[in-house]
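Protein chains: 2
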Amino acid sequence: MPLLVVGSVALDSIFTPFGETADALGGSAVYFSVAASLLAPVKVVGVIGSDYPVHELDQLAKRGIDWTGVERAEGESFRWKGKYSYDLQSRETLETRLGVFASFRPKLPPGWDQSRYIFLGNIDPELQLDVLRQIHRPDLVVCDTMNYWIQGKRLELLKLLERVDILLVNDTEARELSSLWNIHKAGRWILKHGPKRVVIKQGEHGAIMMDAERTFYVPAFPLEDVFDPTGAGDAFAGGFMGYLARVDSTAPEQMRRAMVYGATMGSFAVEAFGVRGFESIDPTAVERRVQAFVDLTHVPVAEPLR
Amino acid sequence: MPLLVVGSVALDSIFTPFGETADALGGSAVYFSVAASLLAPVKVVGVIGSDYPVHELDQLAKRGIDWTGVERAEGESFRWKGKYSYDLQSRETLETRLGVFASFRPKLPPGWDQSRYIFLGNIDPELQLDVLRQIHRPDLVVCDTMNYWIQGKRLELLKLLERVDILLVNDTEARELSSLWNIHKAGRWILKHGPKRVVIKQGEHGAIMMDAERTFYVPAFPLEDVFDPTGAGDAFAGGFMGYLARVDSTAPEQMRRAMVYGATMGSFAVEAFGVRGFESIDPTAVERRVQAFVDLTHVPVAEPLR
Numbered sequence: 001m002p003l004l005v006v007g008s009v010a011l012d013s014i015f016t017p018f019g020e021t022a023d024a025l026g027g028s029a030v031y032f033s034v035a036a037s038l039l040a041p042v043k044v045v046g047v048i049g050s051d052y053p054v055h056e057l058d059q060l061a062k063r064g065i066d067w068t069g070v071e072r073a074e075g076e077s078f079r080w081k082g083k084y085s086y087d088l089q090s091r092e093t094l095e096t097r098l099g100v101f102a103s104f105r106p107k108l109p110p111g112w113d114q115s116r117y118i119f120l121g122n123i124d125p126e127l128q129l130d131v132l133r134q135i136h137r138p139d140l141v142v143c144d145t146m147n148y149w150i151q152g153k154r155l156e157l158l159k160l161l162e163r164v165d166i167l168l169v170n171d172t173e174a175r176e177l178s179s180l181w182n183i184h185k186a187g188r189w190i191l192k193h194g195p196k197r198v199v200i201k202q203g204e205h206g207a208i209m210m211d212a213e214r215t216f217y218v219p220a221f222p223l224e225d226v227f228d229p230t231g232a233g234d235a236f237a238g239g240f241m242g243y244l245a246r247v248d249s250t251a252p253e254q255m256r257r258a259m260v261y262g263a264t265m266g267s268f269a270v271e272a273f274g275v276r277g278f279e280s281i282d283p284t285a286v287e288r289r290v291q292a293f294v295d296l297t298h299v300p301v302a303e304p305l306r
Numbered sequence: 001m002p003l004l005v006v007g008s009v010a011l012d013s014i015f016t017p018f019g020e021t022a023d024a025l026g027g028s029a030v031y032f033s034v035a036a037s038l039l040a041p042v043k044v045v046g047v048i049g050s051d052y053p054v055h056e057l058d059q060l061a062k063r064g065i066d067w068t069g070v071e072r073a074e075g076e077s078f079r080w081k082g083k084y085s086y087d088l089q090s091r092e093t094l095e096t097r098l099g100v101f102a103s104f105r106p107k108l109p110p111g112w113d114q115s116r117y118i119f120l121g122n123i124d125p126e127l128q129l130d131v132l133r134q135i136h137r138p139d140l141v142v143c144d145t146m147n148y149w150i151q152g153k154r155l156e157l158l159k160l161l162e163r164v165d166i167l168l169v170n171d172t173e174a175r176e177l178s179s180l181w182n183i184h185k186a187g188r189w190i191l192k193h194g195p196k197r198v199v200i201k202q203g204e205h206g207a208i209m210m211d212a213e214r215t216f217y218v219p220a221f222p223l224e225d226v227f228d229p230t231g232a233g234d235a236f237a238g239g240f241m242g243y244l245a246r247v248d249s250t251a252p253e254q255m256r257r258a259m260v261y262g263a264t265m266g267s268f269a270v271e272a273f274g275v276r277g278f279e280s281i282d283p284t285a286v287e288r289r290v291q292a293f294v295d296l297t298h299v300p301v302a303e304p305l306r
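Protein chains in written order, with my numbering: chain A, 1 to 306; chain B, 1 to 306.
Isolated chain A (complex conformation):
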């Protein structure tokens, strides 16, 4: 089952203690698609400027990513420049230039309104709502957001939450949205505002998924070397959605497995600079790491003590 994603297609310049990149492929829709396409075909809606290295997108198209929904506008592409601290625990944004992204209005190519698995990447909640209005009858709508919209477009965001199935955010965003420090209370708050489920990513501390009855937890993969956390959250979303589109199901037990595929893609993302971490990953490598994740928390069954 194909997957529709709307989000940013950007050029990233990243500085970490282990190296740097300049004007490399980045943006939420790119990380998402590179990860998700290991599991299901992906259709991308976004915008690039006239300076974007289109041949690099063409390369990625071979992986099963359809870029025909990415508009080519006159002007500069979206650029982000960031620098990580020595321990990769924090990052500073050095520069954000929206370029053509500032006037982006998502338009779905013909037939794409029939898409059933939708990921609304981190863009203006008004645009996210606008995309939803163009979709015929989706099976699953998952959205992301960020502090910028939580602060600046709170009402629009709350309106959007009423129309999505799952909110997928990081812990800082969940706390800011709910004004609650405790992550489980923050999740509970979100569940009261529309979504049937919430996924809260906690970086090196894994991710939780909550619905009204149950909580599921997946750890981060025990990596001894982390090179670049950029895009890990989007890759997580790509693995999560890619798995659900692949098995074409929104059943609760599949949601749990989807979390493991999300964590798997997140772990691949941080092992190399930019999207390059995915170049060498094939379905066998994905399955191997999924199994390693399952082993990581596997508790052998035993009779209860008495």
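Wrong hints could be hidden among the right ones.
Keeping only pairs whose Cα atoms sit at most 35 Å apart, straight-line, the calculated DSBU-like set for lysine-lysine is [to be verified]:
id, chain 1, residue 1, chain 2, residue 2
1, B, K153, B, K107
2, B, K185, A, K185
3, B, K185, B, K153
4, B, K159, B, K107
5, B, K159, A, K83
6, B, K81, B, K153
7, A, K196, A, K153
8, A, K107, A, K192
9, A, K81, B, K185
10, B, K81, B, K159
11, A, K185, A, K196
12, B, K81, A, K185
13, B, K185, B, K196
14, A, K185, B, K83
15, B, K185, B, K81
To be clear, the hints were calculated from the coordinates, so they are not data collected in a lab. As the structure is a prediction and not an experimental result, all values here were calculated from the model.
Given chain A, put chain B in place with the hints provided.
Just chain B now, with coordinates in the frame of chain A:
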């Protein structure tokens, strides 16, 4: 199978945003024993001063805790006074008075040298080694330590590590001991210095157990309200060791279940002030939470994707 623990028996004065206690039962051996005794009989080796509320220990004896190895010395008991930050993420030690603990020399009552499950709580590594010399032929020796000994008695601590089966510490201690920031690298370093296994507690982010081949991860319980983190690490150790003594096994699959019992006891510890959280806990409540823990990370089995 009974369990032997050596550690501090103290009087704690704790300030949290939700309340405070003064001169309440505390210390590593007390938290450990209260948790472990839900699973197996516990024998305690320690020291108290002439001012200690012995009747409160007598109360706890009914739970299966044998205090006959706790020496009663002339002078003041070990006292600790601490204050937690608003979000319970950090704490400040306001006062530490060692009292009779300063000249403590552990002495095992007759017959206790036959103990097979040994927990060396956080005391001077020289005293921990001294206890080991008194033990006949243990099946399992687990030890804890703290920054104070890592800095002040490094050589003695490294000598101790060569003689223990498992080092059980928190993430800060693992980092300080190994001088490595990455927790998995820190664990690997520890495994090279003697112990066959290492358990690293990460507070609200759960705990990991590593041996040469595999890593196991147990999350913290998703609690919406945390009242007092004091003693959670010792209660974790009590649950871990209590389970292994109960099933009388050191098999790898039992070690994984022991981690879940550890996390279970840690979660009970933080739900109330001091050791009181355990007053209302019975074996049924323990099994119920263990099951909830197992559900929290349970990944439904599926065929690999192809």
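*Straight-line alpha-carbon gap K81 of chain B to K153 of chain B, limit 35 Å*: Roughly 24 Å separates the two Cα atoms, so the pair holds.
*Is the hinted pair K159 of chain B and K107 of chain B satisfied, with a Cα-Cα distance of at most 35 Å?*
Holds - the C-alpha atoms of K107 of chain B and K159 of chain B are around 21 Å apart, at most 35 Å.
*asked:* With the threshold set at 35 Å, check whether the alpha-carbon distance from K107 of chain A to K192 of chain A stays at or below it.
replied: holds (31 Å)
_Pair hint K159 of chain B and K83 of chain A, alpha-carbon separation not exceeding 35 Å_ = Between K159 of chain B and K83 of chain A the Cα gap is close to 42 Å, so the pair fails against 35 Å, i.e. violated.
_Holds or violated: K196 of chain A to K153 of chain A, with C-alpha atoms at most 35 Å apart_ = holds (22 Å)
*Is the straight-line distance between the alpha-carbon of K185 of chain B and that of K153 of chain B 35 Å or less?*
holds (22 Å)
*Does K185 of chain B pair with K185 of chain A here, judged by a C-alpha cut-off of 35 Å?*
Given that 35 Å is the threshold and the Cα spacing comes to 33 Å, the pair holds.
_Restraint check for K153 of chain B with K107 of chain B, where alpha carbons must lie at most 35 Å apart_ = holds (21 Å)
*Can the restraint linking K81 of chain A and K185 of chain B be considered satisfied, given a maximum Cα separation of 35 Å?*
Holds, because 30 Å separates the two Cα atoms, which is no more than 35 Å.
*Taken at face value, is the distance from the CA of K185 of chain A to the CA of K81 of chain B at most 35 Å?*
holds (30 Å)
*Could you grab the alpha-carbon distance between K81 of chain B and K159 of chain B and see if it respects the 35 Å cut-off?*
Holds - the C-alpha atoms of K159 of chain B and K81 of chain B are around 31 Å apart, at most 35 Å.
*Is K185 of chain A within 35 Å of K196 of chain A, Cα to Cα?*
holds (15 Å)
In summary, the structure is inconsistent with hint 5 from the numbered list given earlier, while agreeing with all the others.
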